[in-house]
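> Each chain, written out:
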Amino acid sequence: MSIDKSLMAGSTTILILKLLEEKDMYGYQMIETLAQKSDDTFNLKAGTLYPILHNLRDNGFVESYEKEESNGKVRKYYHLTSKGKKHLKEKHQEWITFSSAVNKILNGGVSYATI
Amino acid sequence: MQPFDEIKQYSKTVCDQIRWKKAHNIVTEEIENHLCDQRDAYISQGEDEKTATQKAILQMGDAVSIGRELDKIHRPKPQWAMIAFTAMLMLTGMISNYFIDSTGYSLPGLGLVSYIIAFSVFLICYLINFSFLGKYVKECYFVTFAALVLGLLLGTPVGGRIWFSRLSVSFSYLSLILPLVYSLLVYALRHKGYTGIILCGIGYIPFAIILRLVPSSTGFALFTISALVILCLSIVKGWFGIDKKKGLLFAFIPAVITVIADVIHIIRNPDLINRLLIAVNPYSDRSGAGYAYCLIRDLLANSKFAGKGTVPAQFGSNVPVIPAFNTDYILATLTYNFGWITFGGILVVFISFSILGLYHVAKQKSVLGTLVSLSVMLTFDLQVIIYIIFNLGYGILPALSLPFISYGKTDLIINSALIGFMLSIFRTGSIFKDSIKSSFHISYEDGKLTIALKR
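In order, the protein sequences belong to chains D and Y. Position one of the first sequence corresponds to residue 1 (the UniProt record's numbering), numbered consecutively onward. Position one of the second sequence corresponds to residue 1 (the UniProt record's numbering), numbered consecutively onward.
Derived from the structure by calculation, the hints contain no laboratory data. Mixed in with the good hints, there may be bad ones.
As the list claims (entries may be wrong) - Only part of the chain D face toward chain Y is listed, based on derived beta-carbon distances under 10 Å: (1) Glu-21; (2) Met-25; (3) Gln-29; (4) Asp-58.
Note that CB positions come from ideal geometry on N, CA and C, so glycine has one too.
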């Protein structure tokens with residue numbers, strides 16, 4: 001099922017940070033992994049990814065380094081910094097609060113009978 | 001249009017939207033690499049090269065909007081506050097030298113010419129692309145070494161220091177550039193693991209020996225502390241790719257041995273012990289070697305919060321002239337003449353500059369940017385700390401210079417160049433790319449097979 005772009009926009013950063021929490025990756029690898037892990041639900045455009053990555057790097061949440069592959073190709077890998085890990089934790093918490101609030105509304109609102 | 005030309009055209013369109021031209025290279029490389037990966041994936045799914053390229057470009061998205069987004073991120077970061085602090089320090093130096101110089105030594109033009117030259121040097125270094133330093137490590141190291149050896153052979157000893165008499169350049173100021181040269185050496189050797197650390201140790205020795213052979217010991221201390229910090233930081237950051245604890249042992253054991261050897265040398269040398277004791281308690285030889293320290297301490301004890309201090313009782317009505325007041329004791333002289341408020345004001349500017357500088361060093365994204373800017377900050381901070389301690393009447397290490405303020409053309413120009421380089425790094429460091437270890441490279445692009453044996 002394709003997802004509305006506006007829904008994706010708010011969560012792309014957290015998804016990228018989460019991917020990098022597992023291991024260092026290069027841009028193309030992130031898009032592929034994201035699509036694979038979400039059964040092609042999240043089909044991130046590369047044009048969306050790079051401005052986000054460069055912004056994260058500028059803010060010190062990720063750092064990049066170049067690595068030469070066995071075929072001689074040089075790739076730019078991104079690595080989650082400790083500041084990035086903290087940011088991910090905060091964003092994750094924010095997401096839990098947000099999604100649980102949305103779910104409550106979608107499920108008919110807070111049941112005051114249980115309070 | 002050939003398929004690879006389409007990729008080139010796409011990345012060019014992206015870059016056309018980014019106003020900061022220096023950022024184009026890193027963006028182009030990343031976009032093109034991504035497109036090639038995506039194209040190769042489509043080819044492996046059975047598409048021909050042309051279709052695969054077009055699909056990869058389509059997947060990437062609109063080049064103009066990507067470029068606009070990247071343009072918002074990639075901007076030079078001029079550090080106006082630090083530039084203002086630098087100008088403030090230069091102005092303080094110029095005015096201070098004018099007001100305290102009763103001999104008229106620096107009066108002509110307020111020493112303006114020296115400061116104009118220094119500010120020009122600062123601007124040139126600020127606007128220069130610092131990344132060239134990483135490409136000429138060997139040249140930087142050996143040219144500096146040759147200059148030091150020439151200094152030793154041709155220099156003339158005057159007033160306890162060695163001078164290049166024809167140029168009126170004090171040899172001791174050359175020690176100010178050694179931390180930077182050493183940071184370049186560490187940068188170049190960082191891929192070599194334990195061997196790299198050993199080579200960094202070997203690289204330290206020639207400079208250390210030369211600095212030990214000439215006065216003053218401040219140059220040696222400044223270089224040694226800086227070199228150790230630079231090397232340890234590189235190990236802790238994992239840039240040598242080795243076990244950090246073992247790496248630190250590799251760096252610390254020779255350092256501890258050197259310190260022990262120095263302590264033994266001092267203990268076995270009664271003159272040195274005597275000098276140290278006088279530096280701590282100058283009143284034990286008030287009319288001899290402790291004279292200047294006693295004078296400074298007496299004057300500071302009689303300094304006011306604001307305005308000229310009172311005359312210490314032992315001097316009657318005339319305060320003796322402080323020796324080397326505008327080079328070695330400008331801070332103490334200013335404090336006595338204008339009050340502790342001047343000392344406090346100058347200290348605040350130096351501390352603010354230092355905090356800002358170290359903050360930006362910590363924010364550097366490249367190894368070269370971090371190492372070079374750290375080396376400059378260490379040089380700057382150690383000069384200031386040693387100078388302040390000396391100006392409080394504790395001559396454990398002789399003062400070298402108070403950056404931009406104490407009188408001296410060579411140190412003024414060297415410090416201007418160093419700070420200019422550092423601010424250039426802060427301005428453009430975000431787009432600098434460290435060199436990677438590579439000696440053999442094969443690539444296939446646009447129907448051409450390229451084998452690069454050396455890059």
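> Each of the hints needs a verdict: does it hold here or not?
Now the hints, each set against the structure:
1. Glu-21: violated, 18 Å
2. Met-25: violated, 12 Å
3. Gln-29: holds, 8 Å
4. Asp-58: holds, 6 Å
In this structure, the earlier hints numbered 1 and 2 are contradicted, and the remaining ones agree with it.
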